[in-house]
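For reference, the chains in residue letters:
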Amino acid sequence: DAEITQSPRHKITETGRQVTLACHQTWNHNNMFWYRQDLGHGLRLIHYSYGVQDTNKGEVSDGYSVSRSNTEDLPLTLESAASSQTSVYFCASSAGQKNSPLHFGNGTRLTVT
Amino acid sequence: AQSVTQLGSHVSVSEGALVLLRCNYSSSVPPYLFWYVQYPNQGLQLLLKYTSAATLVKGINGFEAEFKKSETSFHLTKPSAHMSDAAEYFCAVSDQGTDKLIFGTGTRLQVFP
Chain V
1 DAEITQSPRH KITETGRQVT LACHQTWNHN NMFWYRQDLG HGLRLIHYSY
51 GVQDTNKGEV SDGYSVSRSN TEDLPLTLES AASSQTSVYF CASSAGQKNS
101 PLHFGNGTRL TVT
Chain S
1 AQSVTQLGSH VSVSEGALVL LRCNYSSSVP PYLFWYVQYP NQGLQLLLKY
51 TSAATLVKGI NGFEAEFKKS ETSFHLTKPS AHMSDAAEYF CAVSDQGTDK
101 LIFGTGTRLQ VFP
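If you're matching them up, the sequences are chains V and S in order.
According to our numbering, numbering within the first sequence proceeds without interruption in unit steps and concludes at 113.
According to our numbering, numbering within the second sequence proceeds without interruption in unit steps and concludes at 113.
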């Protein structure tokens, strides 16, 4: 079965360090998304990509970057981790139609100390 | 701009009772609306989606939602709650008809025996 795999599941890092969260999908979807989930805010879009070499900023993109070198992977990088970036991060993909559902990974819980 | 509002961050029901989770939307274009469910330590799973084909949408696990344009609502219901329904539920609207989703803040459903 097709799936989205996120790694690691849990990560603890220190303020100021660079951190990369991995996302790999086997749906062969062109569209991929990164969301963060925080209590009281639901899920907020960080970055998204509509295909190889395409990246776009979402609602809360400051301090994050992504790159898309192939269809399957969209790694999320925190350039210099801050305590405000402690959160649960979800990667998702979709087939790209306007009513296509998102398929989510199981999330990465990141703690910045 | 599109948005969704979920009324009630927590809802508690007894097993066998009616489940009603409220969602109101704001959209400048005909909306595509979704309900997702999140079980502990997992990603989000699609429950159902509204794409204008029918106002009453049936989803998985016995859930359904009714699109009411006059009330700008898309409430989620289930006639009889089961213990396994305990989870967090998110309403979402597509951003300008794309597959980027804007999520509500979520409603945590507790089911008591």
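Please note that a few of the clues may not be correct.
[What the hints assert, rightly or not] So, partial list: chain V residues that the calculated Cβ filter (under 10 Å) puts toward chain S: (1) P8; (2) R9; (3) T13; (4) V60; (5) S100; (6) G105.
For the record, the hints were derived by calculation from the structure and aren't laboratory data.
By construction, the Cβ of each residue, glycine as well, lies at the ideal position given by its N, Cα and C atoms.
Consistency of the hints with the structure:
1. Of the supplied interface hints, the one on P8(V) is violated, with its beta-carbon coming no nearer than about 14 Å to a beta-carbon of chain S, more than 10 Å.
2. Among the interface hints, the one on R9(V) holds; its C-beta lies about 9 Å from the nearest C-beta in chain S, closer than the 10 Å criterion.
3. For T13(V), the suggested interface contact is broken, since its CB lies about 20 Å from the closest CB of chain S, more than 10 Å.
4. The interface hint given for V60(V) is violated, since its Cβ lies 12 Å from the closest Cβ of chain S, which is over the 10 Å cut-off.
5. Because the closest C-beta pair between S100(V) and chain S is about 5 Å apart, less than 10 Å, the hint holds.
6. The beta carbon of G105(V) is positioned within 10 Å of a beta carbon in chain S (closest approach about 5 Å), and the interface hint is therefore held.
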